[in-house]
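Generate coordinates for the entire structure from the input sequences, incorporating the hints supplied.
Chains as they are written, first to last, in UniProt numbering: chain A, 1 to 149; chain B, 1 to 149; chain C, 1 to 149; chain D, 1 to 149; chain E, 1 to 149; chain F, 1 to 149; chain G, 1 to 149; chain H, 1 to 149; chain I, 1 to 149; chain J, 1 to 149.
The set of hints was computed from the structure by calculation and includes no laboratory data. Here a beta-carbon is modelled for each residue, glycine too, at the ideal position from N, C-alpha and C.
Lysine-lysine pairs mimicking DSSO-like chemistry, simulated, CA-CA at most 30 angstroms apart:
id, chain 1, residue 1, chain 2, residue 2
1, A, LYS50, J, LYS17
2, I, LYS15, I, LYS50
3, B, LYS109, A, LYS15
4, A, LYS15, A, LYS30
5, B, LYS136, B, LYS76
6, J, LYS17, J, LYS136
7, F, LYS76, E, LYS131
8, D, LYS50, D, LYS6
9, D, LYS17, D, LYS30
10, C, LYS131, D, LYS50
11, D, LYS17, D, LYS136
12, C, LYS15, C, LYS58
13, G, LYS15, G, LYS50
14, C, LYS50, D, LYS109
15, I, LYS17, J, LYS109
16, J, LYS15, J, LYS30
17, G, LYS136, H, LYS136
18, I, LYS52, J, LYS136
19, I, LYS136, I, LYS109
20, C, LYS109, D, LYS17
21, D, LYS136, B, LYS50
22, E, LYS76, C, LYS17
23, A, LYS58, A, LYS15
24, C, LYS17, C, LYS76
25, H, LYS109, G, LYS15
26, D, LYS109, E, LYS6
27, E, LYS76, F, LYS136
28, F, LYS6, F, LYS17
29, G, LYS109, H, LYS17
30, C, LYS50, D, LYS136
31, C, LYS15, D, LYS109
32, A, LYS76, A, LYS136
33, C, LYS15, E, LYS58
34, G, LYS30, H, LYS136
For the chain B half of the interface with chain D, some residues (derived, Cβ under 7 angstroms), not all of them:
id, residue
35, THR75
36, LYS76
37, VAL77
38, TRP78
39, GLN80
Now for the letters of each chain:
There are 10 protein chains.
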Amino acid sequence: MTLENKEDVTVLILKFKRAAGLTWEGIAEKIGMSPVWTHSACMGMNAMPKDKAEALVKVLALPQEAALILEESPTKVWEQRVPTDPCIYRLYEIVGVYGPTIKALIHEKFGDGIMSAIDFDMSVTRVENPKGDRVKIEMSGKYLAYNSW
Amino acid sequence: MTLENKEDVTVLILKFKRAAGLTWEGIAEKIGMSPVWTHSACMGMNAMPKDKAEALVKVLALPQEAALILEESPTKVWEQRVPTDPCIYRLYEIVGVYGPTIKALIHEKFGDGIMSAIDFDMSVTRVENPKGDRVKIEMSGKYLAYNSW
Amino acid sequence: MTLENKEDVTVLILKFKRAAGLTWEGIAEKIGMSPVWTHSACMGMNAMPKDKAEALVKVLALPQEAALILEESPTKVWEQRVPTDPCIYRLYEIVGVYGPTIKALIHEKFGDGIMSAIDFDMSVTRVENPKGDRVKIEMSGKYLAYNSW
Amino acid sequence: MTLENKEDVTVLILKFKRAAGLTWEGIAEKIGMSPVWTHSACMGMNAMPKDKAEALVKVLALPQEAALILEESPTKVWEQRVPTDPCIYRLYEIVGVYGPTIKALIHEKFGDGIMSAIDFDMSVTRVENPKGDRVKIEMSGKYLAYNSW
Amino acid sequence: MTLENKEDVTVLILKFKRAAGLTWEGIAEKIGMSPVWTHSACMGMNAMPKDKAEALVKVLALPQEAALILEESPTKVWEQRVPTDPCIYRLYEIVGVYGPTIKALIHEKFGDGIMSAIDFDMSVTRVENPKGDRVKIEMSGKYLAYNSW
Amino acid sequence: MTLENKEDVTVLILKFKRAAGLTWEGIAEKIGMSPVWTHSACMGMNAMPKDKAEALVKVLALPQEAALILEESPTKVWEQRVPTDPCIYRLYEIVGVYGPTIKALIHEKFGDGIMSAIDFDMSVTRVENPKGDRVKIEMSGKYLAYNSW
Amino acid sequence: MTLENKEDVTVLILKFKRAAGLTWEGIAEKIGMSPVWTHSACMGMNAMPKDKAEALVKVLALPQEAALILEESPTKVWEQRVPTDPCIYRLYEIVGVYGPTIKALIHEKFGDGIMSAIDFDMSVTRVENPKGDRVKIEMSGKYLAYNSW
Amino acid sequence: MTLENKEDVTVLILKFKRAAGLTWEGIAEKIGMSPVWTHSACMGMNAMPKDKAEALVKVLALPQEAALILEESPTKVWEQRVPTDPCIYRLYEIVGVYGPTIKALIHEKFGDGIMSAIDFDMSVTRVENPKGDRVKIEMSGKYLAYNSW
Amino acid sequence: MTLENKEDVTVLILKFKRAAGLTWEGIAEKIGMSPVWTHSACMGMNAMPKDKAEALVKVLALPQEAALILEESPTKVWEQRVPTDPCIYRLYEIVGVYGPTIKALIHEKFGDGIMSAIDFDMSVTRVENPKGDRVKIEMSGKYLAYNSW
Amino acid sequence: MTLENKEDVTVLILKFKRAAGLTWEGIAEKIGMSPVWTHSACMGMNAMPKDKAEALVKVLALPQEAALILEESPTKVWEQRVPTDPCIYRLYEIVGVYGPTIKALIHEKFGDGIMSAIDFDMSVTRVENPKGDRVKIEMSGKYLAYNSW
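Below is the structure:
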């Protein structure tokens, strides 16, 4: 099998991960990055720095040529229509309902600008709770102010 | 002016807030709720418990009839097409790129289920940083497992 | 034939079911689950608990590796455009016409919240009737109340 | 105010219902019909038989001309895009996920045909449950077989 | 060639029909059904009763397994966007322009209800005319009245 | 009230028709045209010949200026998305399912060409039937052959 | 290679045309038809009369079975979304901007009706001009008057 | 009535044209321009040179301020979805079917480039014909070659 | 006239600009900003710093309250469908054709990241040229590198 | 591998470029053209003059037949929906926000017309900046004036 692009590498990662019985958290720990970023880069949605690409190749025993492709800049294609999977849909529902609220509070706290989606990081954690455990998602992005000229 | 629905009340809230020189954080504190929930309920996207609706009416000196409408269950209508405002768009970009990642990690940590968008809360804060301050968004939702029958 | 995902397993189930001359009701009874849930899980729209997956593998003499895939969390993709098949279209017509009515009655009976589509079950039965037999569909979902914070 | 169409009558019904402090269940009982059908006809999505239209006019003290409009055949317009309100969206999610399952079971139980959405009725009830009360929706529609000619 | 679904059978029918030099009218006559229904069932848009499926298999010398598939209930998928072929487009133009007229006349002649598209038949004939021959399309569907409950 | 376009005239026609207690069949008979064409022209979807426009003005006692507007060529705007009203939707379902069949039979009976939607007429009638009365729709359009050059 | 439909024939035409170093004008002249019609029929968008199909088969040395397929009535599928190729887009821009103008002038010159796209022909020519040569497109279609009945 | 934009002027032109009993051809002749360009500029889809704007103001006795607005550069907004009016739709059908043909012939006659829709003119004429008169549309646009750099 | 939002202020700016016979370049020069930014802020697509808002109010003699609204953060709403105006469409055509090229060159010159549309400026100038003057558009945006974490 | 169209050639170019370790700038320099145009023509979005096609074939050691295909006029197909890749999306955001501004300034500086996207060139450069390097995009297109006739 020749590896030609990020899709090919993703297929291989999923296969080898299943075979090795690894979790995303486990892989992330082994290459010294967060689980969110690790999964996203494995899905071809982020470029890996050279050392991380090579670490991943070792962890999963991928063919060497996979490293070069993991380092390439991705073309990030995602569904423009709201997805139907309930677990993902709920995220759009939240952003749809609370988007204008987040915008209003960013402008109130920072001024005219945005939260960067490029200089950005995120985590997902499980929080125990007697009424039922909760999913906690934390996002952090650099504030970018609009330019006037 | 007769108040007939949540849109009418929102217009009035924005007008009286501007006149009173209040911020969303200030209003939220006065009614003892979070800024995110307060703004969202003022926008007509959440129903207010009776005491909070009455507190808001006092804080902004709204007409008494506004309280009843603030208590009603909203019909939450939000854009199904990805919005163009850069501050809101970046949130969709994040959910579009990282949605499958969040799904994979929820399944890995909890099993087959979702993060509720109903039993849910959120905050937006400013985090100081020498390389440029950052926007921090924290979401928390109850984990709901699929039923088998 | 290597089984790689739920689509592969569904194709096999349909083939073996036809060969064995089984009905969905028959299969459901044999694995001790309802026909609605059984068909849905066989279509790849629900994850099977381990014991049910293994029971199904036995009933249909599927290859052993099918069980692991039947246990995986599905990505539920369904048509966002209203489908054209008359039997399915009529369901959308009902939900389109009566959706706001169901919402109004849920709010009247429960308060501000929704019927869960996750903690949910459903049945389809035939009801004899001298004017022509009728299809009866029963849905039951947990009421979830909105959070205020 | 001249009443010209079903939208005008709906606005009036909502106003007089709020003023009279009535519920949909209460109105339905007074005119001797089910709550689902009553709400739907008040929303302009079903035509009222003459005696029911006149009963409703009395119950809510509507102007007499409202009765004629309530009797007219409606043009049923509903959103072709999946609605965003969470309470209504969940119904589409159910129909999207389980639509092919319902179709398969109807064909298995009845043959090649559909459940009518015209010769049809529905109820919404609250079912007490120690783990949290549940919403129960029951639909019943006449089976219609395809014609061969 | 293994026959797996209605698409496979349709391809075979078209091939054998061309080879045998038959017309749709000729095939229809041989199996004792109308040309409209016969073509539609051959296209996989209607289910064939057992005897008609077997008759068709004989007429076209199809493999025996085709009969079982011809008997299955189809999933009727048709273009939701108006098609561009001029011959088919004109039908949509007619329905687009005259749809509300047909609705008004059905309500005037029958009451609140619809013409069934399930208990339905249709014919297409050529009518000679000195100013240019004309296409005549006749549709007949059972009237279905809305239920009140 | 100034009449400026076909929409204005349609509103007036509906109002005067209701006031006069007339049916479409009755109006059609009085102006000596078919009910389908009459309703369609009253809806602004067809242009009226001068004498028919004047006859209609007399029958309904419309203001004289309405005649001129009834004679104008309409801009026929109809929904490009399949309409949701069940009575009209069924017509699209028929055309969606049987469109390719009608095309095949027209080509078989006439050659490469279409049924005109311009040199066209249509009727809607009620046919008594002991199993339930039926709606009969008849369409007739001139055959137009493609040009080769 | 078996020829099964118009797409297959088009691929072969393009290949043989390239190999033979022919132009569309050259082919058109050889079969005694216009270049516009010839290209369109080669693209599978028009049916060829028997003699023209056979002439084309000779000119390009196509396999004999291609003639039968060239004679078949096409299903004309074209992009319903405005195409992006600049050369084709400009044609839509012209029709978009000047469509209502053409309609107004047709009604002014002919009455209530249309220009046929079926009984229709077209040419594309190069016109020399010192300020830069110009493309000239001429269309001619039979006027069709609307029917009243 | 204050004139604020091209829409306002168009409404006035239509009104005064009807009152004066003028045709587009007649107006065009009076201002010394073609009927196509004149109608298009009156619809707000082209900017008028100063002298033509003033000539039109005189011909139709428009208020003087209309001239300035007629001279402004328009924002040309036209339907991106194919329009439904049969007279305009046929133009899209022609461009949809023959667009790739026109492109192929332009490239064959000129090289890699397009027909300009900016340096462009058009005419619509009636051509007598014993088999039925024909509409003739002629378009002429400057050829523009792509740049290489 | 009460000024309530940026739309109201834009209408006023256009009116007063026309009355004062000013150009965008002239206004921009008077407030000491670029023409691109000035026009954009006047259209409500950028927020004005306090001193610039006050300068604009003086230059155009706007009511004092306009300054506050000019300072507010805008909600930038723009057409998600490609616009039809030829002057704007050409910009989309350029971005559509050359977007992947710009992306490839940015990655080649900078690494994995983007050109900011927030920390951004632009100019439009006229460049004389004997073969026809040219429009020159220059854009400059800060390079933002993706974060790994 | 037979080369049949521009897609085939693009795949080969990418493969040979990677193997040769070349950059787009390096290739562009070797064939004496700009990087933007070179990348775009290699992607199949521009036609190459004969000498440039042959130069490219030499530089990358492509099969000789690639030259002919590189010379062909492309059919430029680009996404009509705004793309999701952040690097490309930002360009649409800029054109969406500033499109009307560019239009207003072109009309102010030139009159009623457009910037050509055909007689057009573009460059992308890196500009050093102590606050972070910047991407500079320069576009130049011939001004084209609308025709009046």
